[in-house]
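Student: Just so you know, the sequence shown maps onto residues 1 to 583 in the numbering used here.
Hints are not guaranteed to be accurate.
16 angstroms max Cα-Cα, derived EDC-like pairs, lysine to aspartate or glutamate [to be verified]:
| id | residue 1 | residue 2 |
| --- | --- | --- |
| 1 | K169 | E24 |
| 2 | K152 | D124 |
| 3 | K480 | D462 |
| 4 | K480 | E370 |
| 5 | K169 | D290 |
| 6 | K464 | D306 |
| 7 | K158 | E205 |
| 8 | K69 | D306 |
| 9 | K480 | D290 |
| 10 | K226 | E196 |
| 11 | K158 | D146 |
| 12 | K158 | D137 |
| 13 | K69 | D314 |
| 14 | K480 | D506 |
| 15 | K226 | E431 |
| 16 | K226 | D263 |
| 17 | K464 | E530 |
Label-pair distances were calculated between CB atoms; the ranges are [to be verified]:
| id | residue 1 | residue 2 | range |
| --- | --- | --- | --- |
| 18 | A388 | L204 | 28 to 38 angstroms |
| 19 | A388 | G166 | 26 to 36 angstroms |
| 20 | K169 | G125 | 33 to 43 angstroms |
| 21 | E324 | E196 | 45 to 55 angstroms |
| 22 | P188 | E431 | 47 to 57 angstroms |
| 23 | E97 | A291 | 16 to 26 angstroms |
If you're looking for bench data, these hints aren't it; they were derived computationally from the structure.
C-beta: ideal position from N, C-alpha, C; glycine also.
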Amino acid sequence: MMVLGVVVALLMSVVPVAMAQGGEYTLTVLHTNDVNARVLQFHQYGISCDEEDAAAGKCFGGVARRATKVDEIRAEGGNLILVDAGDQFQGTLFYNEYKGEAAQRFMNALGYDAMAVGNHEFDDGPGVLGSFIRGADFPVLSANIDVTQEPKLAGLVKPYTVLEVGGEKIGLIGCTVEDTGNLSRPGPNVVFNSIETSVAAAVLELEGVGVNKIVLLSHTGFDRDKQLAAAVDGIDVIVSGHVNTYLSNTDEDAEGPYPVVVDSPSGNPVLIVSDFTWGKYLGRLDVTFDANGVSVSWQGNPITLDASVPQDPDILAEALALNEPLEALRSELIGSAAVDLDGDRDSCRFGECNVGNMITDAVMRTTAAEGTEIAYLNGGSIRASIPAGDVSRGDVLEVLPFGNTITTLEMTGADVWLALENGVSRAENPENEGTGRFLQVAGLRYIWSPNLPVGSRVISVDVKSPDGTFSPIELDAVYKVATNNYVRGEGDGPDVSTEKAINPYDLGPTLAESLADYIAAHSPVATEVEGRITQDDTAGPTELPATGGVAFPWMMVLTAAGFALVGTGVLVSKRTGRMVPGE
Numbered sequence: 001m002m003v004l005g006v007v008v009a010l011l012m013s014v015v016p017v018a019m020a021q022g023g024e025y026t027l028t029v030l031h032t033n034d035v036n037a038r039v040l041q042f043h044q045y046g047i048s049c050d051e052e053d054a055a056a057g058k059c060f061g062g063v064a065r066r067a068t069k070v071d072e073i074r075a076e077g078g079n080l081i082l083v084d085a086g087d088q089f090q091g092t093l094f095y096n097e098y099k100g101e102a103a104q105r106f107m108n109a110l111g112y113d114a115m116a117v118g119n120h121e122f123d124d125g126p127g128v129l130g131s132f133i134r135g136a137d138f139p140v141l142s143a144n145i146d147v148t149q150e151p152k153l154a155g156l157v158k159p160y161t162v163l164e165v166g167g168e169k170i171g172l173i174g175c176t177v178e179d180t181g182n183l184s185r186p187g188p189n190v191v192f193n194s195i196e197t198s199v200a201a202a203v204l205e206l207e208g209v210g211v212n213k214i215v216l217l218s219h220t221g222f223d224r225d226k227q228l229a230a231a232v233d234g235i236d237v238i239v240s241g242h243v244n245t246y247l248s249n250t251d252e253d254a255e256g257p258y259p260v261v262v263d264s265p266s267g268n269p270v271l272i273v274s275d276f277t278w279g280k281y282l283g284r285l286d287v288t289f290d291a292n293g294v295s296v297s298w299q300g301n302p303i304t305l306d307a308s309v310p311q312d313p314d315i316l317a318e319a320l321a322l323n324e325p326l327e328a329l330r331s332e333l334i335g336s337a338a339v340d341l342d343g344d345r346d347s348c349r350f351g352e353c354n355v356g357n358m359i360t361d362a363v364m365r366t367t368a369a370e371g372t373e374i375a376y377l378n379g380g381s382i383r384a385s386i387p388a389g390d391v392s393r394g395d396v397l398e399v400l401p402f403g404n405t406i407t408t409l410e411m412t413g414a415d416v417w418l419a420l421e422n423g424v425s426r427a428e429n430p431e432n433e434g435t436g437r438f439l440q441v442a443g444l445r446y447i448w449s450p451n452l453p454v455g456s457r458v459i460s461v462d463v464k465s466p467d468g469t470f471s472p473i474e475l476d477a478v479y480k481v482a483t484n485n486y487v488r489g490e491g492d493g494p495d496v497s498t499e500k501a502i503n504p505y506d507l508g509p510t511l512a513e514s515l516a517d518y519i520a521a522h523s524p525v526a527t528e529v530e531g532r533i534t535q536d537d538t539a540g541p542t543e544l545p546a547t548g549g550v551a552f553p554w555m556m557v558l559t560a561a562g563f564a565l566v567g568t569g570v571l572v573s574k575r576t577g578r579m580v581p582g583e
């Protein structure tokens, strides 16, 4: 299907888009998504690029390289907008040090026209986002966020904006994943409404003032955007963010052609584009509209921002000036790695990854005095990989940028099992929202199947004894557990470590501090994938989870733990009413 999609997209791309005859109008949409604080060029793993790799031409992205390409395309003289689909915040030391200031400064310098609010824009609460918006030279959009009761944001987040480009009105709408309250820290005063209803209302308002060319900046994920395109009339282009989807007409590893085309309810084409993450690419879509605002032809592809694209010297100088205070921290060597430490999203959110093993081992080490038997953390907390070789403190902070701290608690074996069920509840499809809840573990091993119903996907759980042997988890036994404050605070869904925790205690050290100490003590680290998490694709939907061969009455336990299984197959917390799905 990928090959067919590429052929179709390439055939469409040869239709000339510059003719603009008979009332036709051509617009160039330049776009980014999920940049995650990558200010300087970076290594293929998403971490800072060292001088050796830079000299070898192995580095990508960075605001200075993006500026060069944007200026080059603007010089063509066509009708152009530059937009972002959210998650400029969080992911490197630039965010740790400057919060939203660095993104604001460079987005202003590059002349962005608008941005959607992403979930990570709330990572440090509404105040940091408010400061970012007040200093931005462009509107920050989300039609489905109600901030009227949040003093730090009231009046700042707009549902849409209208630009006049080449004599034509272009409507830009934003939307944000509804589960942001589970994924980040928007606070109790920010309300996330239905995306479909909110976007449809914004479209009607824009059409009411004569706008017939509408671009949606969506931070909801690729699959959800395809659903939006098919459900809401009047959208012409969707710039998709949130799950780092890579679309391309020239790369066979892409998840689809660029653009993916979906028919709207009225049968008009909706063009969906996305360009991976970190600003490795600059998306370019050239689309021609007829007099009624319907897309009639298009072409485009993500532009790779590699060494062939020079870095704008003025922007680079400004970026390096901001980087200077970070260098001492980034360059402080703490140890070394004998193997590549894989923290890739696709590795750590859908299965065991060696970085996840190393971090949970580090947490076990840090909490040894508390008698910890089991450690787990969400795969979404892991944000970068580390190549074999020297490891700096900066490398560790890029792997674990969020500042999450370690929490200890006690849990029954049944509740540990339920935590694992929550972790795998969205892991059957990489395009799902909420895959960040997948749990990396130490002190136990488990087998799960994506073919089983949500709430019954974990097939077996074995706990590691001090002598290194494993035995089936005892459902009534109480285990000493360590996790992070994000998971225990109901991040990534209603985890039972919130609902059913016994004697919880916020121990205090950050995950990054724990990992840095572990690497220093165990260098060269050579952590491997060792069978802690096994995916069983042979288990069918009729099979039940088992504990040492004993069938487990899961609906009874779910109810006792304070959860309900609703008709859509998702867990719902009876205490908060929150659904598990989220990113």
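Student: Holds or violated: 45 to 55 angstroms for the Cβ distance of E324 and E196?
Tutor: Roughly 46 angstroms apart at Cβ, these two residues keep to the hinted range, so it holds.
Student: Between K464 and D306, does the CA-CA distance stay at or below 16 angstroms?
Tutor: Violated - the C-alpha atoms of D306 and K464 are around 46 angstroms apart, more than 16 angstroms.
Student: Is K158 close enough to D137, meaning Cα to Cα at most 16 angstroms?
Tutor: holds, 14 angstroms
Student: Take the C-alpha atoms of K226 and D263, compute the straight-line distance between them, and say whether it is at most 16 angstroms.
Tutor: holds, 9 angstroms
Student: Looking only at beta-carbon atoms, does the pair P188, E431 fall within the given range of 47 to 57 angstroms?
Tutor: For E431 against P188, whose Cβ atoms are near 30 angstroms apart, the range 47 to 57 angstroms is violated.
Student: Can the suggested window of 16 to 26 angstroms be confirmed for the beta-carbon pair E97 and A291?
Tutor: violated, 50 angstroms
Student: Taken at face value, is the distance from the CA of E196 to the CA of K226 at most 16 angstroms?
Tutor: holds, 12 angstroms
Student: Regarding the pair K480 and E370, is the alpha-carbon distance no greater than 16 angstroms?
Tutor: holds, 8 angstroms
Student: Please verify whether K480 and D290 have alpha carbons no more than 16 angstroms apart.
Tutor: The given pair, whose Cα atoms are some 65 angstroms apart, is violated under the 16 angstroms limit.
Student: Between K69 and D314, does the CA-CA distance stay at or below 16 angstroms?
Tutor: holds, 14 angstroms
Student: Next pair to validate is K158 with D146; report whether the Cα-Cα distance is within 16 angstroms.
Tutor: Between K158 and D146 the Cα gap is close to 9 angstroms, so the pair holds against 16 angstroms.
Student: K226 and E431: Cα distance at most 16 angstroms?
Tutor: Holds, because 11 angstroms separates the two Cα atoms, which is no more than 16 angstroms.
Hint violations for this structure: numbers 6, 9, 18, 19, 22, 23, all remaining hints satisfied.
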